[in-house]
Amino acid sequence: MNIFQQNSLYEFLFINPWPWWFGGVLIGLFVPFFYLTANLPLGVSTGYGNLCRAVLPDTKLEALNTPAYRKIFTWRVFFIAGIILGAALARILSGDYALVTEMGRFGATVTHSFSLTAVWFFSGGILLGFGARTAGGCPSAHTIHGIPCLAPSGFVATAGFFAGGLFAVNLIYRILF
Amino acid sequence: MRKPYMFLFPGMIFGFLLSRAGFSDYDLFMDMFLFTNLKLVWTMFTAIGVAMLSMYLIRKFRARSLTGEPVRIKIKSLHRGTLAGGLIFGVGWGMSGACPGTVLAQLGEGKIPAAFTFSGIVFGIYLFAILYPRLKKLGVPLE
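These protein sequence lines are chains S and B, in that order.
Sequential numbering from 1 applies to the first sequence in my numbering.
Sequential numbering from 1 applies to the second sequence in my numbering.
Since the hints were derived computationally from the structure, they do not count as laboratory data.
A quick note: this is a predicted structure, and the numbers were derived from the prediction, not measured.
Just so you know, not all the hints are guaranteed correct.
Cross-link-like lysine to any residue pairs, in silico, SDA-like; alpha carbons within 20 Å at most [said to hold, decoys possible]:
id, chain 1, residue 1, chain 2, residue 2
1, B, Lys39, S, Leu13
2, S, Lys71, B, Pro4
3, S, Lys71, S, Pro57
4, S, Lys60, B, Ile130
5, B, Lys74, S, Pro152
6, B, Lys74, B, Ser54
7, B, Lys3, S, Leu40
8, S, Lys60, B, Lys137
9, B, Lys39, S, Phe12
10, B, Lys74, S, Asp58
11, S, Lys71, B, Lys136
12, S, Lys71, S, Asp58
13, B, Lys39, S, Leu40
14, B, Lys74, S, Ala68
15, B, Lys74, S, Asn16
16, B, Lys74, S, Pro57
17, B, Lys136, S, Thr59
18, B, Lys39, S, Val25
Simulated restraints, written as ranges between beta carbons of each label pair [claimed, not checked]:
id, chain 1, residue 1, chain 2, residue 2, range
19, B, Phe61, S, Leu13, 29 to 37 Å
20, S, Ser113, B, Leu34, 20 to 28 Å
21, S, Glu102, B, Leu127, 25 to 33 Å
22, B, Pro70, S, Ile92, 35 to 43 Å
23, B, Phe61, S, Leu56, 39 to 47 Å
24, S, Thr37, B, Lys137, 33 to 41 Å
25, S, Ser115, B, Phe61, 52 to 60 Å
26, B, Arg134, S, Leu9, 49 to 57 Å
27, S, Arg70, B, Lys137, 35 to 43 Å
28, S, Thr59, B, Lys74, 36 to 44 Å
29, S, Glu102, B, Asn37, 15 to 23 Å
Examples of chain S residues lying across from chain B (beta carbon under 10 Å, computed) [claimed, not checked]:
id, residue
30, Phe34
31, Pro57
32, Gly95
33, Ala163
Glycine is no exception: its CB is placed at the ideal position from the N, C-alpha and C atoms.
Just need the whole structure built from these sequences, with the hints factored in.
Listed below in structure tokens is the structure:
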């Protein structure tokens, strides 16, 4: 605990969960902020292709040789690294940074086994990566950026994201476990 | 921002926002899809509304970027993979409680299972690249 944590503004900004409207306004403002500073549309998932190239620098696969993937260390990779650091900073400022092996209520409901957890989340990740590239983007590009820019693809992809999520989560938590 | 490493800074802002807004919280995503706590839905609607208004103003006043050029809004195309890919993605979202952006925030927060989701995404993109010659015939472009 440091002296600033006595301040209620500090608690609001860094410790207590943000109210929905506060987080919503700031995340919404990030879209114009990114255009006004870098003139780029918000998007995260394309950068994972650069990471894929970092593992396989000599691949000849067409989908990993698009203009975005000609170099490995593009702005996207640094943006990805920044997200990791920013979230770490958020926890450090809140004063309770800790490594945890549990993912919310997943352990208590689905499985406590660490290896099954690993397989489960790895499989989920495969669907995320494959789906995002097939859909042309993830919720950052399609939902937070695409819908406000009135992109038809944003509405369609978002409908898909939510339909898939509703199906999977209700199957997992209401039927299977 | 001309040098790639400068993007660490907006990345940090975005990661901080995702984490503080609750988007890195596995339970909140499950609650959203189970309709037991809709906080993230309201956050998302607010974000979409604020971004929509901002983008309207940027278009209306033909705003310029700090790069010196006029703002160029780039949207993704709608094609035969958009809905199918979205559905596959959604199942992955439900399984992992994360998307490619928020899993990075989970990693930063020290949630270890996020490392498996993260490597899964990289592998999923490799799988997409391997299967791409077939998907191309089905009408899925690269973007």
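_Distance restraint between Lys71 of chain S and Lys136 of chain B, which requires alpha-carbon spacing of 20 Å or less_ = Distance ~23 Å between Lys71 of chain S and Lys136 of chain B Cα, so the pair is violated.
Subject >> Hint check for Leu13 of chain S and Phe61 of chain B - Cβ pair distance inside 29 to 37 Å >> reply: 30 Å, holds
**Message:** So if I understand the rule, the pair passes when the alpha-carbon distance is 20 Å or less; does Lys74 of chain B with Asp58 of chain S pass?
**Reply:** Not satisfied, since the Cα-Cα distance of roughly 30 Å exceeds 20 Å.
Are the Cα positions of Lys74 of chain B and Pro152 of chain S separated by 20 Å at most?
Distance ~12 Å between Lys74 of chain B and Pro152 of chain S Cα, so the pair holds.
Item to complete: For the pair we were handed, Lys60 of chain S and Lys137 of chain B, check the Cα-Cα distance against 20 Å.
Response: Measuring from Cα to Cα gives roughly 19 Å; hence the hint holds.
task = Given the hint that Lys39 of chain B pairs with Val25 of chain S, test it: the Cα-Cα distance must not exceed 20 Å.
result = 14 Å, holds
Practice task
Could you see if the CB distance from Ser113 of chain S to Leu34 of chain B stays within 20 to 28 Å?
Solution key: Roughly 23 Å apart at Cβ, these two residues keep to the hinted range, so it holds.
The hint says 25 to 33 Å between Glu102 of chain S and Leu127 of chain B; measuring C-beta to C-beta, is that right? 28 Å, holds
Taking 52 to 60 Å as the hint, is the beta-carbon distance of Ser115 of chain S and Phe61 of chain B inside that range? 55 Å, holds
Checklist line | Satisfaction of hint between Phe12 of chain S and Lys39 of chain B, Cα-Cα up to 20 Å | finding: 17 Å, holds
Kindly confirm whether 33 to 41 Å is satisfied by the beta carbon distance between Thr37 of chain S and Lys137 of chain B. About 40 Å separates the Cβ atoms of Thr37 of chain S and Lys137 of chain B, which means 33 to 41 Å holds.
- Query: With 10 Å as the cut and Cβ atoms as the points, is Pro57 of chain S at the interface with chain B?
  - Reply: Violated: closest Cβ of chain B sits about 13 Å from Pro57 of chain S, beyond 10 Å.
Hints 10, 11, 13, 15, 16, 27, 28, 31, 32 from the earlier list are contradicted by this structure; the remaining hints agree with it.
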